Structures are given as structure tokens and as C-alpha cells.
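Student: One letter stands for each residue in the lines below.
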Amino acid sequence: MRNICPILGCILLAVMSILSIPERAETAELSEATQACLGCHEAVTPGIVADWKKSHHARVSPAEAIKKPLLARRVSFKNPPAGLAETAVGCAECHTANPSTHKDTFDHNGFKVHVVVSPGDCAACHPQEVDEYKHNIMSEAHGNLLKNPVYKSLMDSANCLQKFDGVRARLTTVDRLTEEDSCIYCHGTKVEVKGLKTRETTMGEMDFPVLSGWPSGGVGRINPDGTKGACSACHTRHAFSIEMARKPATCSECHKGPDVPAYKVYQVSKHGNLYESVGDKWDFSAVPWTIGKDFTAPACAACHASLLVNDGGEVVAKRSHRMNDRSAWRLFGLPYAHPHPISADTTIIKNKAGLPLPTELTGEPVQGYLIDKKEQGKRRASMRGICLQCHATSWVDGHFARFEKSVETTNQMTRTATDIILAAWKNGLAKGLDKQDSIFNEAIERMWVEQWLFYANSTRFASAMGGADYGVFAEGRWYMSKNIQQMADWLRFLGAASRADKTKK
Amino acid sequence: MRNICPILGCILLAVMSILSIPERAETAELSEATQACLGCHEAVTPGIVADWKKSHHARVSPAEAIKKPLLARRVSFKNPPAGLAETAVGCAECHTANPSTHKDTFDHNGFKVHVVVSPGDCAACHPQEVDEYKHNIMSEAHGNLLKNPVYKSLMDSANCLQKFDGVRARLTTVDRLTEEDSCIYCHGTKVEVKGLKTRETTMGEMDFPVLSGWPSGGVGRINPDGTKGACSACHTRHAFSIEMARKPATCSECHKGPDVPAYKVYQVSKHGNLYESVGDKWDFSAVPWTIGKDFTAPACAACHASLLVNDGGEVVAKRSHRMNDRSAWRLFGLPYAHPHPISADTTIIKNKAGLPLPTELTGEPVQGYLIDKKEQGKRRASMRGICLQCHATSWVDGHFARFEKSVETTNQMTRTATDIILAAWKNGLAKGLDKQDSIFNEAIERMWVEQWLFYANSTRFASAMGGADYGVFAEGRWYMSKNIQQMADWLRFLGAASRADKTKK
Amino acid sequence: MRNICPILGCILLAVMSILSIPERAETAELSEATQACLGCHEAVTPGIVADWKKSHHARVSPAEAIKKPLLARRVSFKNPPAGLAETAVGCAECHTANPSTHKDTFDHNGFKVHVVVSPGDCAACHPQEVDEYKHNIMSEAHGNLLKNPVYKSLMDSANCLQKFDGVRARLTTVDRLTEEDSCIYCHGTKVEVKGLKTRETTMGEMDFPVLSGWPSGGVGRINPDGTKGACSACHTRHAFSIEMARKPATCSECHKGPDVPAYKVYQVSKHGNLYESVGDKWDFSAVPWTIGKDFTAPACAACHASLLVNDGGEVVAKRSHRMNDRSAWRLFGLPYAHPHPISADTTIIKNKAGLPLPTELTGEPVQGYLIDKKEQGKRRASMRGICLQCHATSWVDGHFARFEKSVETTNQMTRTATDIILAAWKNGLAKGLDKQDSIFNEAIERMWVEQWLFYANSTRFASAMGGADYGVFAEGRWYMSKNIQQMADWLRFLGAASRADKTKK
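Chains as they are written, first to last, in the numbering used here: chain A, 1 to 505; chain B, 1 to 505; chain C, 1 to 505.
There's no promise every hint is true.
The list cannot tell twin chains apart, which means a pair is met if one copy fits it or any two copies do.
Cut-off 30 Å, straight-line C-alpha distance, at most; resulting in silico cross-link-like pairs (DSS-like, lysine-lysine) [what the hints assert, rightly or not]:
id: 1; residue 1: K293; residue 2: K281
id: 2; residue 1: K293; residue 2: K197
id: 3; residue 1: K194; residue 2: K68
id: 4; residue 1: K163; residue 2: K426
id: 5; residue 1: K502; residue 2: K78
It should be emphasised that the hints constitute simulated quantities derived from the structure, not laboratory data. None of these values were measured; they are calculated from a predicted model.
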């Protein structure tokens, strides 16, 4: 029996390797700089280090990563990044890259370290993804909200303090911290260096940069090196895994509320039911991602971003970090659903009324700034190509016919609500643009906002993704319809109160 | 050491078989027809094929399936279906069955194929389940909604477009696509063949049937063969697994919104907490389903449908596809909770006022159409029998005492809201049946609808399933109570506006 | 090859042990009494028994449990409980403990059994946890709600029936069953013995105590032995596992609704995203709980209760069952967020207006009953210590700066809403305390309630836990802002209706 022990050992090892998660046993060397970081940070921030140790970054050098077959690659550089090719991607590789462009660079134990790793840093190994993301509307999410006076005014209507004067309540001020804790949390803060501060640490006195707009993981973060975006918004620190970015919960961080309820709709869709019920058996780490083999129903990333292949290894959809590459419509109504803007920077858009909106207040899409029907068709075809892997043509055709109808009817219902608010402004029962007032601050104006921002959006998302239960009663058609009736009544009540006020005087 | 390799191989195989999911290593032959289907469809719709390959259907022939011990059987036929007994249940077995009854049958590469597999097809192997489902109110969900003028009017109030005339908003038209994307999505569409269409495919030109009402997976689907229902609503295509049907997410596709928030209530209940926390260790595929061994807290199916046994193999509850077999009350208020209807087709019901409703507007259940107290007692006893596997009698008695009280008090609160709407109609501040108008279209009428459809329903579901957190503030008692106050105020506002209008004139 | 079979056997056993869940193979003896219980109850309540069999209690005797290293212990007694040390913790050990103090003790097959196992019973092995819990505000949740006339009045506004008199709707009565099915479900019922009842059982006629307030698993349950609380609220029966108590779903049973949406906020936070996406790989049973190794993002218990260590085994946070030990603020506004009360019994608090509230109606915290700034600082430091395991100081500082600002601004928004309701009371458009009326029953009063109970609370929880998506549109800042506008309009409408009523007369 003396032979058994070594056999047992080797077999158990084989079994363990089947059971354990890592796909490959690669272990790249760590750079000396990274080893120096770890020397302290394993004790100082053990959670970060533990997370990173489980990552691909900790095991695979760029030089090894580029050797994989084209479709299996997670890197996209042509030439290996100078000085970074042969070691694992550790603390120093990211946090000391490009020191001269980073305004947040500071001296830290003899290293030029920066706090905010940016897409500019990630581009060393992932240039294609970073470039695509630049053309993704998400990368401009900060400016698109803050530099558009209409949207900024909508934002104020959520965040401003208010005072009651005995008759009416009025918006007063808002502060930066509140905005960063509210809309800007997802849209991304502007991170700025406000000097250095000396702090007592377990290693003695040390200087650290003082950052405003920090913490920040929003998709359109303005980084101290001038780049925009935060890859870690989806590829969560410090594992930066593709699994995490593909799991729908990641998207839910910003796409769950009634304005963009994509995640909630997914959850009640058949696709979401499958994920919830049997998704624990799927492989979210495989690159490329094989339909049917790695998963049997799509998660968010499958339809909107990931590189998909079929069982024969043929490409069904190319990876894209311009997230709307497969979407013909921008469902998010402002106030109407519309073809996707061409430029990621939407502040350049002007409608006929001179407002920086992609549609007129009456619904027509603005010309010149939005993708045309041909481009819409191309994007729709990309999406359909994915659907058709599991659904016959008649199924897919039927689905899209309903969806296009929903875009049309929800826009019509927004138009009806807009007619009411226009009447309110005209009759002096609410103060609009002609009175140099916000169009989002009064009660009836907010009911109008909810018509498109919550109910029409929710209905469209539900229609797009097969989540009817959400689209009917949860936050959809019922409310879209009820809200119009309530707005009309409210307008009558405002009229009656206004007349009563006059009588009183 | 030369002996080790084969040992290693066989051991690894043993280990792999422990790790892999399938319960049995059965592999039935595929029919020639199914092999022909797979020849193309593995490439054309790989997702479907991959899903099916993981199914019982792909591995077990009906002849094998019927050999299992009675309680372990997943089939219920007496005589093996002609010509289908000895091969696996593949594409052809379902999609070419009963060609003459299927109006969606078309010529496809030499086969008579139909698109919409129906309960009539499934009945070949599962006749008992199909028969039970016929008596399940869900199978009539299409007609029960569309052919009942009161409910159709409620449906219109969610789906119709509206126009604002400067003073009031009025419902206008609705289209079929919208309805199919809304209420009918869950209730089930009517699928009809509208001719043939030639399409260019990767295999050359081919004819396919043009279907209206497609796609469709609603529980009361009207199929081209005249049958009603879609087994795939819960036994999701193309794995058709019992695991999927038992997982609560499956039910959530149609039972999550505020009208029937069973899933949300389950999630906050102690049972749901257990499922969410430790349910990944439960066995959702075992037939029969053993309490305590296979699971330690019920999911939806355990209480409402599944065959349950105790550790000794004794039957605790018989499988039933008439889902209300263990439910004394229909909690879904129309507008009041009531004993379950006797017939699955509820369009036959008439109350004293001549309306097709199971209760009077004042709350009394209609006579003759609903189950009597004896049948209620029998169903309650079935449910209690399940509870008692994990709870002592005093616990169960206490639970049901609270639940019965909730049925009573929520109905009383609906009555109070109804008194307000009756006053609105009487005083001409809203237009009801006496004015030949919908009773669901105006703002105050919709507030009344929410009283029973959202708040009373939610409170009752929360009470039935121990989800108090949902039943108090999420969508329950707080809103049930607040809504009455708001309705009363709204009625006063309508009165004041009405008088102001008259003064104005 | 004859050697292979035994090798195979032993290897498979090794593999199975890797795969199986239990951490240790301990198997303590069962007491004779427990064996007697099991003799019947394995058949009578198999679900309970199956659950218990998987528990630590079923495997480990107290004498073994105390031998573990200090940080790994799950028991806290100094002297082993008399007579209980050497056997597993089975039915009899808990259900026959302390018979004289338990009013629910009854004769059952020769044993003195009680139904309601209480913290007094658990204290035999877990005295420190029970003692901490006594100082946890949750243990007083029953009295804090029912014995505070202001809160009881709020409770009535959710639970009372109402009648409509043709003009106004008024609250009428409420019953005990409704309260137990509503607020008291989470706060905990008062369980009282109302005599004995003889029941026919499968074992013949038997006597059982009749309990009112049963079932009950609320955190502040008043037990028949006079103790307060239910350990099983979180350590769910009958596994009583630490895993279950640490899983966030457990907390969701009472912390999901809009009044305390901690769970919903967690779900959209980055921490919750990580749990949802990769938490299935974490170890929720390890004691102590090692940051980075056992989990890479906190669940509720990690921040608020659990014993945490770093990879080096150093204590990062001590276990505490006084749940607010690491929380400087009580976010739950009544109506304003305030420093935590010192005493778990909050009925002793009186504000300047003589009301049993922790703040004045105008927002100032009451003096003497709430923790001071020093204690707040201490608690904040405990929490920060946990954050700092994965986040740098500047990240944590930035987070807390925003959070403190949110406490301030949400309180200001509550103040503005309060100004409106004060005007309503002053102008006779709603009836407040000066009219000896509830301040929570009328429509506009309920809008005011939602301002702090739903919207300000939600905003604060979202701010505290990084769940901005919830805090902006789901139930947060948008509604907090909109509600003020709606309240102001509603007040005008009430005024107009009131004047119209007078004109009419």
C-alpha cells in the first residue's frame, strides 16, 4: 500500500484544481516596486490586497496575456507597454504609471504614486477598450449633466434645499457634497487636488494629496490626469474581473431606479428568471463567451457589450465598450425617446427652440445630432443577431414590432402630458421658461417629469427586455395613464385655488 | 507506477460524475427526425439546442421515464405515446406532434412542423398535469380578462392613449401590439396564423408561417391548435426543468408587481430569507420533493403545487397543476377578496347588479359561482398540512387567525374607499356606470382601483405569507389608510373646482 | 487491479469530505431527554428536526465549544451550564430549561416543556451576547412603539379601520390581530399564556398552552418568562446559524420597506453588488471573520455586529449585539435624525414640548437622553476602522463628509415640511395636537410623515451606505423635494376647498 499515498496526493491535487476557480495556473513575477507596496499595504489595507491577489492582474503578465488566441485575449495592445510587459499587474504598475500627467501624483516612500487610476493608465494594456469607451456616452456623463443648463436645472430640483414662506415653497441652495452624494455619484465627480496634508500613520508622518470629489467611481469621472471615466465602475476594484462586469448586479448600481430601471426589468424578464434560477451554473469568466455553453440566457453584458461566439467559435457579436453599439434607440427620454446621439458629448446639441435637448418639447428629434435610420438599422441588426442564437426569426420580429410600437406610444403619452404642462405655463398656473423659472421645480412640473423620466422610461425598458410585469403596474403603463388624469385634475385644482386666492384679496 | 494512470482516469471520472449535475446517466436514443432537426439547428439556433441538451427530455425516453417508482415519476401517461416511447424527447417529438390539429403546421425540409408547442402536445406524456391545468384559472387568463367587459375596461385604463383638450384628458385608442406587450404578456396572447412568408435563410429560401400574437409565453395563451396555456411559462424552454418551475424567480415574471406582489412578499418573509441565504444548498430537482432533506423552507411551488413527501416517504401533499388547490381564498380583489371561483372560466359569473364580478360592489360574494365553506375548509386543511411539517399547531392556528382577519379588514377598507367613489359618482364629480363611462379612467377612480388592486392585495399577500415589512409600509396598510384620506380630500377638491368652474361661467 | 477498489473508496471519501459543508466532524452525544423528543418529533415536525440536525447545536457540546481559541468561540459562558455541558444542544436543552420562570411551561409526555425559547434560555451558553442585546434598542422595540403615545398614534394611522361619512373619512378601531400582523410583527408581540387546550394528536389527546401573540419572531418580543427579544429573529430556527444571521437577506425581513430601506440601499451599493455577484464564494460561517480572506466586501453584519479580524489575526472590530455600537447617528428620523438614545428604552425621553420624542418638532435633539459628541466620535471611529481595511483615509474621510452633510440637509428638508404642516394646523386646515387630534391621520399629515419616515430616511441610508441610485430617484431626494411642493399645493387646495365649503353654506 506504500504506493497509495503519493497517488492519493496527486489525485487530490487534480481534484482540487478542478474545484478551484482560476482558469490557469499562471503566476507572473511581481515587480520590485509592487513588492515594496505590498510590504506595507498587506497590513495597512488588507482587504484591497486580498482582492487583488485573486485577480488576473496578480497572476498574468501582459507579455503572457497577449500570447492567447485573438478571441481569448483580454488585452488589446499592439506593443507591450514599456517596462510593464514581464511582471504581474500590481499596485505599482497602475498607481505609478504616467506620473507627469497625474496632478494627484505625490511622493510616497520614494515612489511617485497617484491615487486615482484612470482610463489613461488602463490604456497601456487595454487601448481599444479605452478608445471605445471615449465614444461611449457614459464617459461624458459628468459634463452632459452639469454643463447642460436644462439638465442641471432638473438636478437642482432634486438636490436643492427648500424654504416655505407660508404659501409657497421655493428652492434655495445646493452644495457640492450633496451633488456628489446624489446624481454625480453615478455620473462621476470631478476629482481635483487641493493641496497636500500631513497625516500621522502607523508608518509615521506622511503627506497625502487632499482630493475634492473623492471618493468617486462614477462612469464619467473627471480624473486628475484629464481623462474621463472610471473602469472600476464596472470592473470593481481591486479584482477588476470580467466576471464582475458581466454580472447584472454591477449594472444595478446605477440602472435600478425608476429613471433607468433596466435591472428591475431584467429581473422580471424570462432572461432574468433564468439567471436568477440557474445562473449559478454559468461561466462568467470565459473569454470569448460562448452562447449555450457558458450561459443559456443573456445577462446585461451579453446583449450590450461582450464578445460572443457560438459553439463553433464563430463571432456572433464583437466586444464593444461603446455600450450603445447594439441599440437603435436611446430609451431614456429627455423628454422623448430618440435615436442615439452621434457624439458622446451631448452638450453640443441644440433643438429649434434653442434648448440643449435631443428633441423638441413636442417630440420631434433634432436633426444632425442623432444617428440616422441607416445607423439605427445597423445597430438593430447587431442586437437581432444575438437574439437569433436562441429565438426563431418570427419570434424576434414579433418582439421588435412591439418594442417599436412602445417607443411610439410612450412618446405620444409624454406629448399628452406635455400639453398639460404647456397649458399650465400658458395659463400662469405654473411658471415656465417664459417666466425665467425652472421647468422642473413646481409640483405639477414634477408630475410631468415623472411622466417621461419614470413611467415612459420604465415602459420602454420593460418592452425592450420582456419585463411586462414591471411595465404594466410596477412603474409603467398604469402610472403613465393615471398621471395624465392626475395632472389634469391638479391643473383644475390650481385654477380653483388661484381664483379663490383672488376672491380672498 | 504504470498502473496509476488508468486508476487516475477512472477516479477522476468518478469524481467528475459526483460533481456534475445530471441525476442519472440515462441516455436515450434520438429519433431520426430529431437528428435531422439538430443537423441544422445546432448551427442556426445553438442556444436552444444547448439548453435542450441539458434537459431530462434529451436523456430519458418515455418508456424509461414510466419505469420509475410512482412517486418519482415525471410522466403520467397510462399507455406510452404511440411512436414516441423509445426515443428521447427531442425537437421532432414535440414540434411535429399532432400536425392536423395545429393551424401553425408548415412544410419544413420534408417535415410537418409547428412552431407553437401546446399543452395538447405535452399531454402525450403528461396527461394528468395538462388536465389539472385546464381547471386552473390561469389556463383561462386570456378570456377571463379580454372577454369580461369590466376587466377589459380596467385594462384599457392602463393601455389606451390619451388626449388633453385643454381642460380634461380622455382615453382614445389602443392597439393590439400594446396589449400584447402589457397585460396580455402574462395573461397570454391569442396566437393566429396569418399566412406564409418566404424568407431568405442560410439554407436558402424557405416558407414560414406568419403568426400574430407572437412571441407569447403567457399562462393562458390561445394556441393555434385550440388549446389554452403554455407549459413553458414556468417550465422554461428548452430545458423544461422542474428545477426552473420550482424556483421562485420563475413565478416572479408575473407575480411581482403591486397587483400580485407574491414574490416580493416571499422575499421579505422568513421563508424567502432562508431561500435567499441558504437555498443554494437545496435540491430543486428531486422528485418527489422531501421536506427537510431537499429543502428547509418552502419556495412558491412547495406550498402551491409540488408533490411533497416527508422523510419517511409519506405523501404530505399531492402534486397539482390546479394552482389554487390549497388556497381557500382568492386574495386578488375584484374588488374584494373572495372564495375561489368554481370554474376556471370566470366570464360566466354575474353578480346581483348584473356585472361579471365575483362580488357585489359592496363586498358580498356572489352565490353559486364560488367555492363553498366546506371546499374552503378542505383547501385550507391541505395548506395547513404542509405548514405543520415545520410548525406546531398553535403557531399555524395563530398564523391563520391573523390571515383571516386580514381578509376581513382589507375588504372593509376597500368598502370604505368604494363609499367615496360611490359618492363621487352620485355627486357628478366623476362619471361612473350610470353615465355609461368607464369606472376606472378618472384620477379619483384610479385611486380607488389602487385601494384594492395594489394596497389591499399587497396587505393580504403579506399576511398570507408572513411578509409584514412589505405589508406595512412598502405597498400595504400605510397606503391603504393614506389613500382613503387622499381620496376624501380629492373629492373635496373636485367639488371646489367644480363650483369654481360654475362661478367662472 | 484488486487494490484499486479500496483506494477508490478512500479517495472518494476524501473528496466527499472536501465537498461537504460541515467544518468539523464533531458529534456530541444527545441527552436522553432530547432523544425522547426526537422519538416523536422526527415524524411529527420533520422539517424542524432536519434543520436542527444540520446545526452546530446538534454536533457540538458546550464543553467542546468552550475549548476553542478565544476568538473562534461561539459561546461566552464562564462556567459550563449545569447539566448541559456534555451533550449536544437539542430540543430538551432549550425547551425544558428554566421551567419555573416560563409561564408557557406545560406537561408534555412527562417533561416540563415550554414553547417559547427566550434570550433567558440562550443565556446559559451565550450570556455576553444576551447581555449586549438587552442594551440594544431592538430588545425594547415592543414597548418603544406601543408605550409611546406618539408612536402608537402613528401606528394607528396605518392599522385602524376607517369610515367615510360623506365628506370626511375617519379612523375607527383597530384589533390586536391586525397589529400583530403589521408593525408588531417586526417589533415583537407580547406572548401570553391564555390557558390550556386539549387537542387530538397522532399520539392521542394532549394538552397544549393557548398562546396569544403567537406566532412571533420579532426582535423585541415579550416572552412568557419576562425576557425581551427573540434570538431566532436573526439566527433562524432551528439551525440558529451564524451564516444565516450574517446573510443580508435575514436583515431584509424588517429593513427593506421605505421607512428603513437598509437592505435595498445595500443591494445597489458597490458592497451589495459584490455580494450579489461573487458572494457565493465567501465563507459566512468562519469565526472569527477574516477580512479579505473570508469575504471581500461587507454584508450588514460585518459593519454592524460581527467580530472581524485581519489576515494577521488582529481584531479589527469586536463582536457586539448592541447593534448601534458602531453608529454615531440614529438615521431613523422621529422626525429628525439624531444621536443614538443612551437607553434602549426610549419611552423615558421627553422633549421640551413634553412629547416623548428624541428631538423637538423644530429639529433640535433633546438634551440628556442622547449620546454626546464624544460617544458619537467613538462609534464613528469604530466604523471607520472597518472601512480603512479596504479604503484609504482620504476615501473614508470623503465618504463621511458627504454623509454628515446628508444628515444635516435631510433634517433641513424635514424642517421645511414641518413648517408646512405647522401652517396647516395653525390655519385650521388640518387638526393637530391643539385640537386633541392625531398628527398623523389626515392626508396632508401623512405627506409630512412620508417626508421624514420614507424620503429623508431613505436618503440618509443611501448616503451612509453608498447607494446613491436608491437615494436619488427610488425613494430619496427627488421625492423629498417633490413632496414639499405637493404639500404646499395641497395646503392651498385645502384652503380653497375650505373657502368653497363656507361659500356653499
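Student: Checking K163 and K426: alpha-carbon separation at most 30 Å within a copy, between copies, both or neither?
Tutor: This pair counts as both: shortest intra-copy Cα distance 26 Å, inter-copy 18 Å.
Student: Cα distance capped at 30 Å. Does K293 pair with K197 within a copy, between copies, both, or neither?
Tutor: For K293 and K197, the Cα distance exceeds 30 Å both inside one copy (53 Å) and across copies (32 Å).
Student: I want to check one pair: K293 and K281. Are their C-alpha atoms no more than 30 Å apart within a copy, between two copies, both, or neither?
Tutor: both (10 Å within a copy, 22 Å between copies)
Student: Since the copies are identical, ignore which copy is meant and state whether K194 and K68 lie within 30 Å (CA to CA) inside a copy, between copies, both or neither.
Tutor: Close neither inside one copy (43 Å) nor across copies (51 Å); limit 30 Å.
Student: Please sort K502 with K78 into within, between, both or neither, judging by C-alpha distance up to 30 Å.
Tutor: Neither, since 75 Å and 78 Å both go past 30 Å.
Of the numbered hints listed earlier, those contradicted by the structure are 2, 3, 5.
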